[in-house]
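Student: Residue-level listing of the chains:
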Amino acid sequence: MTGAFVLDKTSILDRLGGDEEIFTMMVDMYVEDLDSNCEALSAALVSGDVSVLRREAHTVKGLLATFSDDDGAAEAALVEQNASQGIVADQAAAVAGLLARMRQVAEVLRAG
Amino acid sequence: MHNVLIIDDIDINLTLIKALVLKLGECNPLLFDNPLAALEWCRSNVPDLVIVDYMMPEMDGLKFIAAFRALHGRNEIPVLMITANDQKDVRYEALLGGANDFLTKPIDRVEFSARARNMLSLRTGQKFLADRAEHLASLVEERTAEIREREKELIFRISRAAEFRDPETGAHIQRMAHYSQIIALGLDLSLEQQRLILEAAPMHDVGKIGIPDYILLKPGKLTVEEFEVMKGHARIGYEMLKDSRSEIMQAGAEVAISHHEKFDGTGYPNGLKGQQIPLFGRIVAVADVFDALTSERPYKRAWSLEDACKFLEDGRGKHFDPLCVEAFLAGWEHVLEIRQRFRDEEAPQI
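These protein sequence lines are chains A and B, in that order.
The first sequence: position 107 = 107 (this note's numbering), numbered continuously.
The second sequence: position 271 = 1271 (this note's numbering), numbered continuously.
One thing to keep in mind: the hints can contain errors.
[Unchecked claim] Chain A side only, calculated, beta carbon under 10 Å to chain B, not exhaustive:
#1 Asp14
#2 Leu16
#3 Glu32
#4 Asp33
#5 Cys38
#6 Glu39
#7 Ser42
#8 Val52
#9 Arg55
#10 Thr66
#11 Ala73
#12 Ala92
Hints in this document: simulated from the structure, not taken from any laboratory.
In this text, a Cβ means the ideal position worked out from N, Cα and C, and glycines have one as well.
Based on the sequences and whatever the hints tell you, model everything.
Tutor: In structure tokens, the structure reads:
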């Protein structure tokens, strides 16, 4: 079980060269794209297609890493890794957890 | 302004990279969320830097790089590949597959700026070298053309020098050279060969420089002995030109020694027969005789065109190579144009 997402704005801004404008733009886009990204991940699980699930998990991993959510990115990496080994159906719980994590991150980002 | 191509199927990444590219300055970011569309764009456009994500649905970054590198002229364009931190194997594969460098996710602005600037500096250097190479190539071409022009002028003046000792006119040289080119065209010789004979034919009588005045300028008929001396001009012309490294001079040497050979072997200086006579010699024989016959000289009136054509036709297989006569007559309209263009009163430059 991973810990709750804590926004480390300092480290993110540090990575972005202190650019608040880019940070705000990324937050807005993450929140805006949340539903479509969640739907894509859910659909990948339902499709049973390992390559689709692997790709969607990879995308989520990148998104969460962008906001320095190392724990969330690690969860996504696990789903990606399992998918690359041909595992799909047994990942329902992991995907559900990942979806919850994505929404949680959005909540925290919205709260600022 | 650098055109920076950014390919990533995730909007947030495209937006982030675009923002970072704009911060570099002097950059025009071009965004594609589909690698196939990006590749299509690259077929008719040349970016200065490509930033491509690894994992994309239609085509992954490695395949994109391979396809991009396969396009003509895209082999040197810098490519940055974006991979996750845990994809060391992919990074190796990318570097081996044509990526110049890679970026890791999450993207760090300092790292991004440094790597992107390095790639753009590389591109600037490439462009500078390409421009310089192009500039040097055009300079070489310009100088070569100048040398060739000088060579042509030199040949024309050498030929003129021979003319001053001979009743032939400058216009004769121009006409017979162009007639030779018409025959070369009719024989389907290459454009290069057509140009070569045009430039070399004027030297056919250059050896007359070495013939004593009392023979060369004798108004009456030459004695047998005098004619033997006169025939020497073919070999003298050859000796004058044969050792030159110039292709035109070498062709001129061949023309000089062979233009008085006859197809049936009764010509001079070597009595060569048929295909033994160099092709340029067979061509110039037709062109030179036709123009000599149809030109007025202090000692003779000009033949009519009909009579001169009949002379050529009658001489097929005897004096002349039948194919050369045929090629000459096939280009009759051009022959008339040349006659009109180069009249004896005024002789324009080649």
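Student: Let me make sure I understand: some of the numbered hints might not hold for this structure. Which ones are they, in numerical order?
Tutor: Per hint list: 5, 6, 7 and 12 violated.
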